[in-house]
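Colleague: Line by line, the protein sequences give chains A and B.
Every letter in the first sequence is one number past the one before it in my numbering, and letter 88, counting from 1, is 88.
Start counting at 1 in the second sequence, then tack on 1000, and there's your number in my numbering.
Keep in mind that the hints were calculated from the coordinates and are not lab data.
Any given hint could turn out to be false.
[What the hints assert, rightly or not] Simulated restraints on C-beta separations:
#1 Leu99(A) with Lys1002(B): 40 to 50 Å
#2 Glu17(A) with Ser1149(B): 43 to 53 Å
#3 Glu17(A) with Lys1140(B): 44 to 54 Å
#4 Thr5(A) with Met1001(B): 50 to 60 Å
#5 Ala2(A) with Val1186(B): 22 to 32 Å
#6 Arg66(A) with Glu1191(B): 21 to 31 Å
#7 Arg66(A) with Tyr1049(B): 38 to 48 Å
#8 Pro1057(B) with Lys101(A): 26 to 36 Å
#9 Thr1169(B) with Ala2(A): 39 to 49 Å
#10 Glu59(A) with Lys1269(B): 55 to 65 Å
#11 Pro1057(B) with Gly81(A): 52 to 62 Å
#12 Gln41(A) with Lys1269(B): 15 to 25 Å
#13 Ala1114(B) with Thr27(A): 25 to 35 Å
#14 Ile3(A) with Leu1054(B): 47 to 57 Å
Virtual Cβ for every residue (Gly too), placed ideally from N, Cα, C.
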Amino acid sequence: MAIVTLTNENFDATVKEGTVLVDFWATWCGPCKMQAPILEQLDAKLGGAVTIGKVDVDEEPVLANRFGIASIPTLLIMKNGEVAEKRVGVTDAATLEALVK
Amino acid sequence: MKTDVLIIGAGPAGASAALTLRHRNKTVAVVANAPESSSLYKAPLIANYPGVKLTGPEFQQALLDQMAEEGVELIHGRALSVMNLGETFGIAVGNDFHEATAVIIAAGITRESAYKGENEYVGKGVSYCATCDGMLYKGKNVAVIGTSSEAREDMEFLRSIGCNVLELTGSEGIEIRGEDKVTSIVAGGEEHEVACVFILKDTISLSKLVQGLEYSNGAIVVDSDMATNIPGIFAAGDCVGKPYQVGKAAGDGNVAALSASSYVENKNK
């Protein structure tokens, strides 16, 4: 499944049900660029069992503010619309896989 | 951009490793930060390294020139994190990231320990990367701890996006305070309201640079091949322990390079 671009408009509908991994990132951030291929790997491995979405904090300051993003990348594991886990900093595929299971 | 080996640090250990790898036909990138604050740079004379009689700055420049002549790719900036991407390692430097089959950490030592409140508020208003997180604090009060030329550039960047920057050197008796997030910093006995504290020292503490790296008493644990506990990551120089001497660093770098070279050759088989 392709990684979804999340905006203030589609965010709530996307995370409402099931497990969604949300990556808060920005184009100017080296560690975020490093996170991207890890998420693609994970997406390929999970084959759509978990939705992965990305929020560009520069485009979506309202979402960044709502979730109190203080540093990027920040990864949220959302379960049925609630934040189940928050990770700050680049996180490897194995750790993320364990968290979404 | 991918190289066979990426080396973090351009001092004697990193340079020795880079040159050895080039002589084994490996592609090499070296992350070099502003050298002014290294202890080598401050040395008035390198007096106990065979064949060399140079000042610290002259010696550092000679290392950089020699690496450039040998086709080493120099990346100016601070390494922020090293991550296993599966087949390669990813190394984030400023607003970019690089890939390499093997990594050699030759980052020297940071003598300072964490500031009061630093570890507690990492990711909650303590940041090590102004270019990454600056935009989240547009128009707000922030503090910057750091005095290198790179820290000054980062301060200019933060001012350019409208941050009100409090400049600190780190020697003011720092305490970072907050609740869920940072709310203020105490420096020189005065409390200042800030939304973020950017700690821009030259080297990020080892435990934050590489997750899962084994270290003991502040030094990276290595075996006699300069291999760390993580396959594909090697270390050399002051960051693996005493004595903090140029000769030992260069020797470490040489061994680490030979080990990294074999590792890369095995991977490419």
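Colleague: In ascending order, which of the hints set out earlier in this document are inconsistent with the structure?
Modeller: The structure conflicts with hints 1, 3, 4, 5, 7, 8 and 10, although it agrees with all the remaining ones.
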